[in-house]
Structure formats: structure tokens, C-alpha cells
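Novice: Dock chains L, H and Y against chain U, hints included.
Residue numbers (our numbering), protein chains in the order written: chain U, -3 to 229; chain L, -3 to 229; chain H, -3 to 229; chain Y, -3 to 229.
These are computed hints drawn from the structure, not numbers from a lab. All figures in this text were calculated on a predicted structure; none of them were measured in a lab. All residues carry an ideal CB built from backbone N, CA and C; glycine is no exception. Warning: the hint list may mix true and false statements.
[Said to hold, decoys possible] To spell it out: a stretch of chain U is covered by chain L in this simulated footprint if at least three of its residues, at any positions, have a beta carbon under 8 Å from a beta carbon of chain L; those stretches are:
(1) 30 to 42
(2) 123 to 129
(3) 133 to 139
(4) 152 to 164
[What the hints assert, rightly or not] Heads up, incomplete: computed chain L residues facing chain H, CB under 8 Å, no partners named:
(5) A35
(6) T128
(7) T157
Residue-level listing of the chains:
There are 4 protein chains.
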Amino acid sequence: MTSFSFSRRLVSEALGTALLVATVVGSGIMADRLTADTALALLANTLATGAILVVLISVLGPVSGAHFNPVVSLAFALRRGLTARSTLAYIAVQILGGIAGTILAHAMFELPLLQASTTIRTGGAQWLAEVTATFGLVFVILAGLRFRSEAVPWLVGLYITAAYWFTASTSFANPAVAIARSLTNTFAGIRPVDLPGFIVSEVFGALLALMVASWLLTKPRDSQILAETEPAP
Amino acid sequence: MTSFSFSRRLVSEALGTALLVATVVGSGIMADRLTADTALALLANTLATGAILVVLISVLGPVSGAHFNPVVSLAFALRRGLTARSTLAYIAVQILGGIAGTILAHAMFELPLLQASTTIRTGGAQWLAEVTATFGLVFVILAGLRFRSEAVPWLVGLYITAAYWFTASTSFANPAVAIARSLTNTFAGIRPVDLPGFIVSEVFGALLALMVASWLLTKPRDSQILAETEPAP
Amino acid sequence: MTSFSFSRRLVSEALGTALLVATVVGSGIMADRLTADTALALLANTLATGAILVVLISVLGPVSGAHFNPVVSLAFALRRGLTARSTLAYIAVQILGGIAGTILAHAMFELPLLQASTTIRTGGAQWLAEVTATFGLVFVILAGLRFRSEAVPWLVGLYITAAYWFTASTSFANPAVAIARSLTNTFAGIRPVDLPGFIVSEVFGALLALMVASWLLTKPRDSQILAETEPAP
Amino acid sequence: MTSFSFSRRLVSEALGTALLVATVVGSGIMADRLTADTALALLANTLATGAILVVLISVLGPVSGAHFNPVVSLAFALRRGLTARSTLAYIAVQILGGIAGTILAHAMFELPLLQASTTIRTGGAQWLAEVTATFGLVFVILAGLRFRSEAVPWLVGLYITAAYWFTASTSFANPAVAIARSLTNTFAGIRPVDLPGFIVSEVFGALLALMVASWLLTKPRDSQILAETEPAP
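If we strip away everything but chain U, and leave its shape as in the complex, we get (with noise of 0.2 Å):
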């Protein structure tokens, strides 16, 4: 993948999921102690997140592909042959990573180090939301590196940036972000006991973006160009 060693590599998966996650929480904690407004609030969870995924990706993509997501290690695994034994040191070291992240969020901000968040996520809404928050993000992955691979970082920012929006869910769309904001029962929390139906609809919306775009994202032969261009409506 890179040709940097696979411990860097690690360390590099741990150390961007423990800085992405310890934006989430952090963000939320400063913004929900600053206003009443839970829209401000939420606007800025949003600007600090999507800021910080553009700087991580950037900077450690190089190191690891900066995936900070078991989804998207899952996807490349299956895509592009990433080991099965590296694929479970990527997500195994993104959990811890996260987890990490809370704690330094909350020690920065004189809070319990870890938590059990109170905060109900759950039920078929929630759920779609999520299936579409990672679809959209794994397909904006797949799609930016088939196209414009540079603009990688800045895709996945703004994508993000978005769905924290449009999604009903706040767009978790990473299991391991979704692990580490059950430790934490602040603005961005989630409680534990719906952890799983958050990190299933995250894998099914996962799996989803790879189907749709290994087949929306291949030229077909010349052949078949010539007959398809202009079919009968």
C-alpha cells in the first residue's frame, strides 16, 4: 500500500483516529458550553470536524491511507486485497485509537476520563440515516480516488461537513468514532446499547457504495459504448 513500515502504519491509524475523535468530542463539549443553541452548536462540531478530517487525511494519508474507520478498511480490504490479518491491526488500533480520543478530550475539558453516554440514537430512521451517511462516504472515497485522487482530503471533509446535516443521525458513519463517543455523555455522545444497530447499518451502507460503484464507476468496452449511447427511450 504505502511503503512505509507497518508499525508507522498503525501508529498512524491510532494517532489520526485519537485527533479526529478527540475533535468530535471536544468540539461539542467547547460549543454546548458556549450556547444555548443547539443549531450553533452543531455548526461548530461541524466546521471543526470537517476541518480536521481535510488537515489528518492530508497529512497521514501518505503514512496509511488514513482510513480512521473500519468501514473503509473493510472496503479496501475487499476491494484491494488489503490482508485480512492487516485489515484487523487497522481497525483493531482505530478503536483504541478513538478511545484514546475521548479521554484526551475529556482530561482537556475536566471531565471523568470515560463515561457511559445517555444519549438515544436508535430506530429504523436512525438506522437508514446512518446506511446513508456511509454509503455517501464510502462512495465519495471510492469515487474521489478513481477521479481525483488529490482531492481526496478535502472530499471527505466536506462530505462530512454535509451529512452531519442532512443526515438525521449527525452522520457517525465510522464504528470506531461511534465506540469512542459511547465513552463520552456529552454533545456527541451515544449510548452504548446502540452501539449495534449503528455499526451494522454502517457496514450495510458500506457494502452498498462498493456495489454501486464497482459498477457505476467502470467503462464498459467500446463495444458496448456504441450500443448503449443513444437507446431507444
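Specialist: Quick look at chains L, H and Y alone, frame taken from chain U:
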């Protein structure tokens, strides 16, 4: 136009328009639920829409051109020779995709899947706003393709970010999106009965942009330059 | 300058300044109507203005240079040899275009087409702010063209985004826009009687930027480098 | 480092730091005057600061490297061989420029030119936040220069946009800016007595980033890659 098959191009237009409308409608619902300040709601709506436009045009542009908008397809048909049949097919899937986007947003936010909007948007000032908004959009696309084609996704996203605020109509500038927005009685809605005025204005604005662009962006022959560079005042 | 005809260049300057002013004035009216919070209104005004600047400079820069600003045309005249006659024509159409932009914004928002502003903006602190704002703008343009010409649209848009907030005058930095803003009694207005102080300050700031840039951005001869690299402290 | 003379490089560092501080302090004053909502004020402060960083680093980077920050100069001194004398001169003009920026902001907003801040920012959590903020900033600069040097202005601007929100200290991350901010009793201030804790934390964070970057961003020899690519779990 592109080397992707016609069916893929149609799916690309439908998918892109669906996600665009889901963002416009969904972020409007989310913002409206979280704040009582209409400017703040429009700000969130703006950011989400501008961001997703950059993303969708970047990742689907190489497949289908990423029009997501009947008047853009119309402009290309008049300018570049997209056949009438292709243009009609593009417009049809844009409208269907847009409606699917409204349904998706409603499903994620647990609302009735199709609704008739009651938001009044009509009258000469609103129509002037739509003419202006669509003139600007189509002009930006044509001039952007002429001078900085790789920047078009950004230029469209930023133009709409501005146009949400500087036009009195919040810049629909898109008949397919307008139709889809007539089917939601939420923040982004428009009464079905007000659609014709908007659509006529949008088509007029697009044609005006075509005319201005075809004169303004053309370099004269050298002889003309010599004659015109320093005319008497 | 460019290979476009003089008439096209003048139309480009007029059109660009008109859309810039329509955005500044229109987004101010929209924001002011939607919220009671002045900071939020200025934030919306800022985003719209910054975004449209990136767009307009990108798409009209190749035609006319995209000055949209008499002090920018003046700086190029002093620096690059734009003739006096061309400069005067540029300034004239910038002023006319700006006024047209105010009229367009008023028409879209159903207001009297021309108004005299009653917003007081005067005094030494405001003039210092305009000197600072215009110094920064012209310096950014000159240094941007010197080092990263393709990024100038972004640099100008981002500079004005910052300057709306860090200067006490909200950074007019443009005599044509200032004149156009004196004709609207809305959020973005300025009393006609306060125009001379602003315009003199803007010209002064632009000249200061020219002086600083012509020294700071010049590489010395090699001999000087040897002498100056490590001077005694 | 660059081929600009030493005197130009020092003026560039002083000018850049002055405009950076004028933006941080000035936008804080503006925002604080216009709204009672602290989150909204911080949001405006964030946008202005992030935007001006992109601009200043783009236009002054080619002259002096655009450090504007003693710990960044220190990092380059330790890493790339900026001489001790140059480093001290850079730091001196950064501090002087920063103070000039505070004075400029106060003059524009008609406030006493120098003030002692009374805003308390101290304690272990704040220091941890500053370590984190500065670690991130210096790591982003080093990794950005390594992989995407042309994107560094954007990466720094976006990183600070996020860090204003995810660190409990609003991410000063800069001793020269911290000193300048101790001289304003407005939104962006910090008590002079709290400076040492912040500066020590910032130096520590920068050194930590240097250590992590020098290990993480180094590609191992080929033999190591073979050995490490797929280690036993």
C-alpha cells in the same frame, strides 16, 4: 461527452440529484428543528448544500457531467450538441432523482414521505431573483469550464453558497430541485402552484447566461484587438 | 493585459462589480431580515461576499483581470503600465456596475431602487481601519500574483472574509463598492457624506501596499544576499 | 532558506505576525460587540483567524517561511539548521510584530492601545490543551512540508479552525501571539501571569511533535519493510 455508458450516465444524474435534494431538504429540516433563528437555519442549509455540491460534482462529473439540473442540461444541449433525446432523458432522471431525494430525507427524519408545500414563493421580485440566480449559475459553469475546468466543482459550490443569501428567493436555480422541493412542507419547500413562475424564470436566466457568455468569453480576431484595445473614450 | 477586446473587458468589470455589490447588499438585507443577532447577520454577509469573490475573480479574471475595484486598477496602472485612459474607463464602469448591483439587490428584495444611506461610518479609527483593510487587500493581490497567481481568487476571498471582522469598518476597501453602498439604507450602507474619508483612506492604503510590496517582494542581488544573510544583531 | 535578504525576511515575519494578531484580537472585539452568544463570537473569531492564516502563509511563506511563531522557528532550527542567531532574530521580530498587531487592533476599535488582560487561563487541563494544540500544529506543518508542501497554508488554517474548538484553551499554540494577547483585555486576552504556563506547554508540545514526526515520517530501509509488512499479531 464521457466514455461511460448511457445507463451509467443516467444513474449518475439520478443519484447526484437525489443526494443534492436530500441535502437541501434534510439539512433544512435538521436546522429548523435545532434553532428558532431563521438566519442560523439558512446558514446551516447553505453550508450543507455548498459542501455537497463540491463533492457530487467532483465525483460524478467524470461519469455524466454532473448537471443535476435541467437548465444546465439544456444549456449544454444548445451549446455543445447533447442530443435532444439524451437531454430529455437527463431531465427525466433528474426530476425522478430529485423526488427520490425528498422521499429519502423525509424517511430519515420520520416525516410523511410526500407532502405538498405551503410555502409561498411568487411575484415579480422572486422571479427576478430566480432569473439572477440561474443566470449567475449557468454563467459560472460556462466560464469556469472555459478557463478553469478543474475548479468547476468549487465554483458551483461557492456560487450557490453566496446565492442562497444574495437572491431574495434563496436561489433554487434548478427546475428538478424546485419540483422536488414542492413535495416537502418543511424549511426548503415551495408551493406546487408557484413552480411554473420559478421554472420559467430559471429557463430565462439560463438562456440569458448563454447569450452573454457566448459574446463575452469569445476572443476577437487579432485585427479587432488592434482596433479595440484603446478606443477613443 | 489579456487578449480580450476592450469592450469585453469593460463589460467584464461592470458585470463583476455589479454581482459583487448585489451580493454584499443583498446578503446584508437577507440576513438582517432573518435574525436579530448582528454578529450572525455579519457572518452570513461575510460568507456570501467571500464566496462570490472567489467565483467572480476565477471566471472573469481571464477576461479583464477582475479588479472590480478602482484602487486595484490604480495599483496596476502605477505598477504594470495600464494606460491612464484604460484605467479611467475601468474605474468608470466599476462605479456604474456597482450602482447597478445596488439597484438589482433592491429590486430583488422589493425595496426602493435607490436610497441614501444613514449609517454613520466616520472618524479616525474608521479611516485607520480602511487604510489597514486596503493595504492588506492590495498587498495580498500583489504578493499573490508574484508567488501563487492561480490562488489569487482564493486569497482575495479569504482575506476579505477575515477583514470583515478584524477591521472596525468591516473592510470596504473599494471606492466603487463604497459608492454603491452609499445608495442603500440597509445593513451594508454608508452615509454619502462619509464617502470621501473612506475613499481617501482606501487610496492611501493602496499606495502604502505598493510601496511595501515593491521593497519586500524584491530579491536583492547575490552580493547583497551574501552581505545580509547573517548580519550582526 | 529563501533567497530574500535577511532584513526582508525579518520584516516579513514581523508584518505577518502583526496582521495575524490584529486579526485574532480585532475579530474577537468585533464579534464580542455584535453578539451576546459566546459560541457565535468564537465562531467569527475562528473563521477570521483560519482565513487570514491561509492568506498570510501563502503570500509571505516564499519570503521568510511564514513561521509567525517562535516554536515553529525553534522546530526548524532543530530540524533544518536555521542558525541560532537567525532563530533569535525571528523570535524577536515575531514578538514585536505581535505586540504591534494588538496595538493596531486597539487603535482601529478606539480602545486604550495597551492593556493588561484579566482573563484567567491556567491549570493542568489548559496546559494539556496547549500541549495538544501545539503538538498538532507543529506535526501538521512538518508532515505537510514532507508530503504536500503547496497545501501547507490551507492545512495550517484548517488545523487552527478545528483547534479553536477542540482544545479547551482555544489553541493559542504560539508564544508570540500569546504575549501579544496578554496585552488586550478583550475577547482574546490572557492574563500576563498565565503566560509562562502556556509558553512552557507550547514548547513542550512542539518538541513532542518533532520527536513523533522524525520517527513516524521516516521510511525504513527496504529490508525493514520486508520484515515488518506483515508481522505476527
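Novice: Indicate, hint by hint, whether the structure satisfies it.
Specialist: Against the structure, the hints:
1. Judged by the Cβ-Cβ criterion of 8 Å, the segment 30 to 42 of chain U is covered by chain L as claimed, because 7 of its residues qualify and three suffice.
2. Proximity of the segment 123 to 129 of chain U to chain L, defined as three or more residues with a beta carbon under 8 Å from a beta carbon of that chain, is established by the 3 residues found.
3. Three residues within the 8 Å Cβ limit are the bar, and the segment 133 to 139 of chain U against chain L gives 3, so the coverage statement holds.
4. With 9 residues having a Cβ less than 8 Å from any Cβ of chain L, the segment 152 to 164 of chain U passes the three-residue criterion, so the hint holds.
5. Nearest Cβ of chain H to the Cβ of A35(L): about 3 Å, under the 8 Å cut. The hint holds.
6. The restraint placing T128(L) at the interface with chain H holds, with a minimum CB-CB distance near 6 Å, inside the 8 Å limit.
7. For T157(L), the interface hint holds, since its Cβ comes within 8 Å of a Cβ in chain H; the closest pair sits about 4 Å apart.
Of the numbered hints stated above, none is contradicted by the structure.
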